[in-house]
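S.K.: Letter by letter, the chains look like this.
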Amino acid sequence: MSEVFPTSLVSLLAVLVPIVGGLIVFGAGRWERRVPALAVVAGASLATLAMAVFMVRQVSHGIEQELVLFQLVPPIGIVLRVDAMGALFAVTIAALFALALAHAVGYLPDDRRQWRFHGFALTSLGCMIGVSLAANLVTLLLFYELFSLLAWPLIVHERTPAAFRAGIKYLVYILSGGALIFAGVVLVYWLAGSVAFVPGGVLSQSAPAGMPQAGLIGAWCLLVAGFGVKAALMPLHGWVPDAHPAAPAPFSAVLSGVMVAAGVFAILRVLLEIFGPALLVELGVLPWLGAFAGFAVVAGAMLAVPEDDLKRRLAYSTISQMAYVSLAASLLHPTALGGALVHVTHHAFFKGGLFFCAGLILAVTGLRRISRMRGLGWRMPWTAGTLTLLALAMTGMPPLSGFVGKWTLGTGMAQAGGFLHLAVMLIGSLLAALYLWPVVYRIWQRPEQGDPLHAAIDQGERCGPRGWMLFAVLAAGLVTIALGVAAGSPGFPLELARIAADALLGASAWE
Amino acid sequence: MSPELVDLRPLLAVLASLFCAGAVFAVRHSSRWRAFWSLAAAGIKFALVWSMLPGSLAGKVYVYQFGELLPGVAFGFRVDALGLFFALVSSTLWVLTTVYALAYMRGSHSLHRFFGFFALCISTTVGIAFAENLLTLFVFYELLTVCTYPLIMHDENLAARRAGRKYLVYTLCGGGLILAGMVVLYFTTGTLSLAESGILDASAERAGLLAIFLLLIAGFGVKAALMPLHAWLPAAMVAPTPVSALLHAVAVVKAGVFGILRVIYNVFGIDLLRDLGYADWLAMLAGSAIVIASVNALRQKKIKARLAWSTISQLSYIVLAAALLVPLAALAAIIHIANQAFAKITMFFVAGAIERGTGKTRVDELAGVGRRMPWTMAAFTISSLSFMGVPLMAGFVTKWYLSMGALQAGAGLYVGVMVVSGLLNAAYWLPMIYQAFFQPVPGDEKRDPQHRARVSPMMIAPVLICAAYVILLGAGASAPAMPFSLAEAAARFAFELEVPLE
Chain A
45 MSEVFPTSLV SLLAVLVPIV GGLIVFGAGR WERRVPALAV VAGASLATLA MAVFMVRQVS
105 HGIEQELVLF QLVPPIGIVL RVDAMGALFA VTIAALFALA LAHAVGYLPD DRRQWRFHGF
165 ALTSLGCMIG VSLAANLVTL LLFYELFSLL AWPLIVHERT PAAFRAGIKY LVYILSGGAL
225 IFAGVVLVYW LAGSVAFVPG GVLSQSAPAG MPQAGLIGAW CLLVAGFGVK AALMPLHGWV
285 PDAHPAAPAP FSAVLSGVMV AAGVFAILRV LLEIFGPALL VELGVLPWLG AFAGFAVVAG
345 AMLAVPEDDL KRRLAYSTIS QMAYVSLAAS LLHPTALGGA LVHVTHHAFF KGGLFFCAGL
405 ILAVTGLRRI SRMRGLGWRM PWTAGTLTLL ALAMTGMPPL SGFVGKWTLG TGMAQAGGFL
465 HLAVMLIGSL LAALYLWPVV YRIWQRPEQG DPLHAAIDQG ERCGPRGWML FAVLAAGLVT
525 IALGVAAGSP GFPLELARIA ADALLGASAW E
Chain B
-7 MSPELVDLRP LLAVLASLFC AGAVFAVRHS SRWRAFWSLA AAGIKFALVW SMLPGSLAGK
53 VYVYQFGELL PGVAFGFRVD ALGLFFALVS STLWVLTTVY ALAYMRGSHS LHRFFGFFAL
113 CISTTVGIAF AENLLTLFVF YELLTVCTYP LIMHDENLAA RRAGRKYLVY TLCGGGLILA
173 GMVVLYFTTG TLSLAESGIL DASAERAGLL AIFLLLIAGF GVKAALMPLH AWLPAAMVAP
233 TPVSALLHAV AVVKAGVFGI LRVIYNVFGI DLLRDLGYAD WLAMLAGSAI VIASVNALRQ
293 KKIKARLAWS TISQLSYIVL AAALLVPLAA LAAIIHIANQ AFAKITMFFV AGAIERGTGK
353 TRVDELAGVG RRMPWTMAAF TISSLSFMGV PLMAGFVTKW YLSMGALQAG AGLYVGVMVV
413 SGLLNAAYWL PMIYQAFFQP VPGDEKRDPQ HRARVSPMMI APVLICAAYV ILLGAGASAP
473 AMPFSLAEAA ARFAFELEVP LE
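Line by line, the protein sequences are chains A and B. Residue numbers for the first sequence follow this note's numbering, so the first one is 45 and each next one is one higher. Residue numbers for the second sequence follow this note's numbering, so the first one is -7 and each next one is one higher.
It should be emphasised that the hints constitute simulated quantities derived from the structure, not laboratory data. Keep in mind the model is a prediction, meaning the values are calculated, not measured. Hints should not be assumed to be uniformly reliable.
Claimed, not checked - One-sided and incomplete, this derived list gives chain A residues near chain B with beta-carbon spacing under 8 Å:
{"no.": "1", "residue": "L185"}
{"no.": "2", "residue": "E189"}
{"no.": "3", "residue": "L215"}
{"no.": "4", "residue": "L219"}
Unchecked claim - Computed spacing ranges between beta-carbons, pair by pair:
{"no.": "5", "chain 1": "A", "residue 1": "A86", "chain 2": "B", "residue 2": "P366", "range": "23 to 33 Å"}
{"no.": "6", "chain 1": "B", "residue 1": "R291", "chain 2": "A", "residue 2": "L67", "range": "33 to 43 Å"}
{"no.": "7", "chain 1": "A", "residue 1": "P279", "chain 2": "B", "residue 2": "S43", "range": "57 to 67 Å"}
{"no.": "8", "chain 1": "B", "residue 1": "R266", "chain 2": "A", "residue 2": "A91", "range": "51 to 61 Å"}
Just so you know, even glycine gets a beta-carbon here, dropped at the ideal spot from N, CA and C.
So here's chain A without its partners, still in its complex pose (with noise of 0.2 Å):
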């Protein structure tokens, strides 16, 4: 059984390091000098990086650790906790914001606004890293509403007029899921005079029997809805489609790899550590949260199917493939469960890593469209070769991580019985290589004589160094295979996912 040792500032830090080193790039338009900015920024996201992994080995050490830092509302404190789940989707979140950064260095153009960039960025990642360690809801409440606040410039940052109409319904839907998550948190610490996430769930322990039945369906509704407005559950994902082909490519990785995933995340918090699943079972919801996540598998990735747009097709399958955890989560199966959270830690990876294909494509070529990609592959081998090795990894290709994480759901489902959401799952598997095929297929296609995307990226292999980009691309590739081939070494996400959910549903049936 785990420790909970009381201090340790190493989770303070992972919140404060990026949001400070965010603070000093905003300066860095008026310095007038890349390299000490560029210094700044890897600075700050390695050690932010090297610090999460410094508590993924912690937490497989079976060292949990508390930190109570002040009270915002007393006697509701901030308290940060290094738990499983927690370390787990730390470290994807800085990992994916390290390779996000690189390829933002690239791809965006070189002058004072992208220090701006950087400096959202950073700070966003100090705030999700809050996220994933918080220990209350409360805390939880502070870091999500400051991060979808601080996504917003980043969205918007091209300063399209597109860009700011999807900033704006970003914003409208992003305000009112907090507003309801706001009224959630409130019924929950009426209801159960605390709002700590305990394993088992703070409101089947600390709760009177007598509790109200509408007042708990109230609050779960509150909070499942609010969360799932950043999850992009359906029929809550409008934001979604529009933001991520509006966003530059570096941060529509991020939105989808992490952002959606932190709603994901929190959901799963409030499922397992806020109700608890004797609660959950208690009150009839799970049947509910299950019936609208097989919708959104189901649903997202037929919308993506017809979608020439690449970034939107990609946006698409992200609300497809996040509701998997959903899904997986409302079996309250501990094996499905650690299988939701490894398919969220490799997704981050995969998905993040084909806008990152996308994003160059769209720096060289300047095209968005699928159909016009033909013969792509031929001209960038390098970039093409690893958005396909990246597709497979979404169909669940063994022995790349998208099949460990498909492989340990699907049998989680299977041994809970849920033979629906199996095959709900292998449905949405399929639209997966439904929609993915078409775009392999295309930029392996021979090109045409006389087609004018060679042109352009004749002229685009003139405009500048794209290497920031390439390594951002080789790197989310090579964390797909290595995934998938070390998927049972120790401290990466399936032992970590297990520890996880061991703890939130006791001991499980892993072979």
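Starting from the known structure of chain A, fit chain B onto it as the hints suggest.
M.R.: Leaving out everything else, chain B in the frame of chain A:
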């Protein structure tokens, strides 16, 4: 019963600014001496009021009395937790506003009149905060009305005179209502002192009680800009910015809500009001005012008009919280006096700095101001986030306790009001921030040699201090010597609770 100590400090706190006013009038045109006396008095009063904090937290009550005005009604001061809280807020903000005003008003006409009456306003405000009984409170309250008038019409043009007249008509009528209410109260109970659990009891006639409630609440409601008695406040935005700060944060509207709190907690008392059920109606009125005023704010094109409507909405938070009659909501009501004051005064300071720095007064002219005045607009952003109720900012503390209070009072509807109001606040603040930071600087301003607007550091420093305090109020609620602990004590005394609030 809390121990009462005879102490000179309440009197000195009132006299400090009174003396300052006299000195400022005496030195007339010497701007250096005017600045010296204003700052010295502000500093002395600040120290005097804060020096009473530790004692008040320990449950001590400082009193100082003169002879009787009416049989059984003395003219005197009594410093309890609620009064001290109000005095702390206004004397702290007076220091900042004085610094700001010295820079903002430089070169204006009749400055001795301005600073003299400014000091008088603060003097009367502290008198209101420390008043031992309703009559003392009323005297200072009416004096405040009179002293504010020359400030509102400082510009001496048509609009300023009209606004001043409107203000005077509204507030004098309000004063008349209070006087009538006081008369009925005096004949019902034979006393006007503000007791900890109220001076009225259920034995009095119902009609009389209703009359007292309506007269007093409507009377104080005028200054509290309680809808539908609010019309003077948006009109008064023609006044110079430091006066707006005085109206919206330091003194005037706060005196109104403070009066309402006194009526609810110390004249009627919680138990009686709960039996009578009048407060439910007041809560409903305030709840709808929160939403309606916010919708109106959304439609305003002038920065200061938007701020004024936001004040009307925010003050109704306090009235709503007080009318819920539960301890947690009372805590929200009291703490929001400080939260609203610091956030709103930041915004008014910013509006004034923008006006001085770039000459802009309208929301749609803000494009690019964030580039020209980054620190100022950053402070504005912080207070906007506070009004939206983003955690870590002062506004969240209010929103949280008010929502908890609503649940405690069994009126979950008001949690919905909080949620809607937070969204409406986002809808009218975020576009301004968007304009300032994300719209490009218009072409002709780019060529302006004074591209980076030059504003006196004496105007920027108060802005930054207030904004920092907004965060401190939001994040440091549990730190020692923060207003929160005093508000908590005041809420406990109002409900006669021994244990700390949960």
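S.K.: Taking the hints in turn, state whether each one holds.
M.R.: For each hint, the structure was consulted:
Hint on L185 of chain A holds. Least Cβ distance to chain B is approximately 6 Å, under the 8 Å limit. Checking E189 of chain A against chain B by beta carbon gives a least distance of about 5 Å; that is within 8 Å, so the hint holds. Checking L215 of chain A against chain B by beta carbon gives a least distance of about 7 Å; that is within 8 Å, so the hint holds. Proximity of L219 of chain A to chain B holds as hinted, the smallest CB-CB distance being about 5 Å (cut-off 8 Å).
Checked against the hint of 23 to 33 Å, the pair A86 of chain A and P366 of chain B passes, with Cβ atoms roughly 25 Å apart. Hint check: R291 of chain B to L67 of chain A, Cβ distance near 36 Å, so the stated range 33 to 43 Å holds. In this structure the supplied range 57 to 67 Å holds for P279 of chain A paired with S43 of chain B, their Cβ-Cβ distance being about 59 Å. Distance hint check: the CB atoms of R266 of chain B and A91 of chain A are about 56 Å apart, consistent with the given range 51 to 61 Å.
Consistency note: the structure conflicts with none of the earlier hints.
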